[in-house]
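J.: If you want the building blocks of each chain, they are given just below.
There are 2 protein chains.
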Amino acid sequence: MPKVSQEHLERRRQQILDAATDCFARHGFHATSMQEIFRASGLSAGAVYRYFPSKNSLIKAIAENVVNEVLTPAIDAISGQRLDPADALASIAVIFKPGGLRARTLPVSVQMWAESFRDPEMADLARDMIDRISKLLAQVLPPGSPPEAVRLIMAALQGFAVQSGVLEDVTPELVAAASRAFAAPQKDASQKQE
Amino acid sequence: MPKVSQEHLERRRQQILDAATDCFARHGFHATSMQEIFRASGLSAGAVYRYFPSKNSLIKAIAENVVNEVLTPAIDAISGQRLDPADALASIAVIFKPGGLRARTLPVSVQMWAESFRDPEMADLARDMIDRISKLLAQVLPPGSPPEAVRLIMAALQGFAVQSGVLEDVTPELVAAASRAFAAPQKDASQKQE
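Respectively, the protein sequence lines represent chains A and B. Residue numbers for the first sequence follow this note's numbering, beginning at 1486 and rising by one. Residue numbers for the second sequence follow this note's numbering, beginning at 1486 and rising by one.
Check the hints yourself; a few may be wrong.
For chains that are exact copies, the list does not tell them apart, and a pair is met inside one copy or across any two.
Pairs of lysine to aspartate or glutamate, DMTMM-like flavour, derived with a Cα cap of 25 Å [unchecked claim]:
(1) 1545 to 1653
(2) 1582 to 1521
(3) 1545 to 1604
(4) 1545 to 1572
Please keep in mind that the hints were generated in silico from the structure rather than gathered at the bench.
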């Protein structure tokens, strides 16, 4: 019997995650059954359960993908630059580029947050994600930055994720402009003193 | 037959909304049936349907209550002060006081946002709420403020609402500190030049 390659396993895992992301985004987390995920992925129950024993384990893997493959690279791209919080948020706003994170995984993230108010497992997952992202963010701000600055960057990213569900204009440009406009009055004041 | 007073009607309406808010917050929007809302409110189906013909109409009334009774007073309290965006957000953060908005209606708001990604009626409601709050916010900023500043205040309020589901420390003090820390580097720079 030929040995199943690591690459094959990873491809199959991603195939299931893609199908689940589509189902959750389209019908919601509660209204999606594991049966629908088997069907959408084109795989048997046994094949899917081998990778993901439950809907919660699928949500968890989708959330981890967002952190590892979208947020982490966007934050890494400004590592070492020690930007002010407003400029850091403006740079990370690249995650809102149309066709990126937006269409597929954002609805699932917002569902996870809604669930976290009453499902302890989802709350643990949301807390863990916020914690991991906050640590990454703290590293790109200037040394000695107040830790609360990270909380506002985090909140803004979550809030724009929410807004992207109903407003077409949530783009990297809009988020960057909003970030700088929020901090701008101080900038203007300092320019006048030069 | 005695005429039913306006006050009585309003009290009964609020009784239904309170019951629905509790049900949605505890079990989620999808898992709550109208039957459970009849039971929780202690009223008959006929009595409830007289005020609210559907679950969506209940969600809409709850969202309107949040805007009219919590957000509008918090924003009105700083009207005429023409605060910088960071100070405006720090003031409006009073909505996160423990025991206020937080425990009951925030979970319902976040559910509405999650639904808005695929339910056109919820999307219209969310868009309308964002629009109304944005107009109120624009009035408290200094004349000529860039409109994008309002979008960041809005996003931060939504993001902290999301965070409050899993983090105990989302208080008016934390949100105010986060708001000022985000804009602080510019403030520090201008102070050094004085």
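J.: Would you mind marking each hint as holding or not holding in the structure?
T.: Against the structure, the hints come out as follows:
no. : hint         : in the structure
1   : 1545 to 1653 : between (27 Å within a copy, 22 Å between copies)
2   : 1582 to 1521 : neither (29 Å within a copy, 42 Å between copies)
3   : 1545 to 1604 : both (13 Å within a copy, 24 Å between copies)
4   : 1545 to 1572 : neither (30 Å within a copy, 37 Å between copies)
Going through the hint list in order, the structure does not satisfy hints 2 and 4.
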